[in-house]
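K.L.:
Chain by chain, the residues run as shown.
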Amino acid sequence: DTAVSQTPKYLVTQMGNDKSIKCEQNLGHDTMYWYKQDSKKFLKIMFSYNNKELIINETVPNRFSPKSPDKAHLNLHINSLELGDSAVYFCASSSLSGGLGDEQFFGPGTRLTVL
Amino acid sequence: AQSVAQPEDQVNVAEGNPLTVKCTYSVSGNPYLFWYVQYPNRGLQFLLKYITGDNLVKGSYGFEAEFNKSQTSFHLKKPSALVSDSALYFCAVRAIYGNKLVFGAGTILRVKS
Numbered sequence: 545d546t547a548v549s550q551t552p553k554y555l556v557t558q559m560g561n562d563k564s565i566k567c568e569q570n571l572g573h574d575t576m577y578w579y580k581q582d583s584k585k586f587l588k589i590m591f592s593y594n595n596k597e598l599i600i601n602e603t604v605p606n607r608f609s610p611k612s613p614d615k616a617h618l619n620l621h622i623n624s625l626e627l628g629d630s631a632v633y634f635c636a637s638s639s640l641s642g643g644l645g646d647e648q649f650f651g652p653g654t655r656l657t658v659l
Numbered sequence: 002a003q004s005v006a007q008p009e010d011q012v013n014v015a016e017g018n019p020l021t022v023k024c025t026y027s028v029s030g031n032p033y034l035f036w037y038v039q040y041p042n043r044g045l046q047f048l049l050k051y052i053t054g055d056n057l058v059k060g061s062y063g064f065e066a067e068f069n070k071s072q073t074s075f076h077l078k079k080p081s082a083l084v085s086d087s088a089l090y091f092c093a094v095r096a097i098y099g100n101k102l103v104f105g106a107g108t109i110l111r112v113k114s
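Just so you know, the protein sequences line up as chains A and B, in that order. Counted the way this note's numbering counts, the first sequence spans residues 545 to 659. Counted the way this note's numbering counts, the second sequence spans residues 2 to 114.
Worth flagging that the hints you see were computed from the coordinates, not collected in a lab. We treat Cβ as the ideally placed atom computed from N, Cα and C, and that holds for glycine. Each hint should be verified, as a subset may be incorrect.
[As the list claims (entries may be wrong)] Short, incomplete list of chain B residues facing chain A, as computed with Cβ under 7 Å:
| # | residue |
| --- | --- |
| 1 | G44 |
| 2 | L45 |
| 3 | K50 |
| 4 | G63 |
| 5 | F64 |
| 6 | K101 |
| 7 | F104 |
| 8 | A106 |
So that you can see chain A by itself, here it is in the shape it has in the complex (with noise of 0.2 Å):
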């Protein structure tokens, strides 16, 4: 039973282009994160909403667009992609509800190479 996922796993574009993200989660938790994870392995926040309602919005150029169109999904839409947006994005989810300790769970990753 797959947790959190994430799809697709490798996503290899033009500059330029316009492309989509999507996760969802079965683990009933009531907020979704988004992470990108650079070619150093620095891992940074980029999004994350709780109960549909964005709740951290990181200094992101306004090509990333998250939407989540209800508790179990929030995929990620970006916009004329650059070659600094390669890297690994990944999903996440948590409960927040049951408190501010509770770990997030990860995705395995999207891959994106912008060519």
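Position chain B relative to chain A; hints supplied.
P.N.:
For chain B alone, coordinates are given in the frame of chain A:
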């Protein structure tokens, strides 16, 4: 602002020897502290966390970590390393009244047989 420092890019240890992966943090107020492990081409897996209570926390796969408030440290330890422990380890901190988890830069652990 919260921050996490993992001072070692890589830790090398022989199989069967004890291992320590270091982590220090900076946060306003009391912290929530976490350790995660990432195997190649995989997502992060939760190992253990400190919320409150006993300073020695035990987690998955025989790992433990000790919270030291005076030294603002949360070092990850294991009494006897396995080759299969080789991976990338991340320490993370969240302020007790915040909702953002901040990760350290990660430490590669290599266990040689």
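K.L.:
Now, for every hint given, state plainly whether the structure supports it.
P.N.:
Here is what the structure says about each hint:
no.	hint	in the structure
1	G44	holds, 4 Å
2	L45	holds, 4 Å
3	K50	holds, 6 Å
4	G63	violated, 18 Å
5	F64	violated, 14 Å
6	K101	holds, 6 Å
7	F104	holds, 4 Å
8	A106	holds, 6 Å
When the structure is compared with the earlier hints, violations turn up for hints 4 and 5 and for no others.
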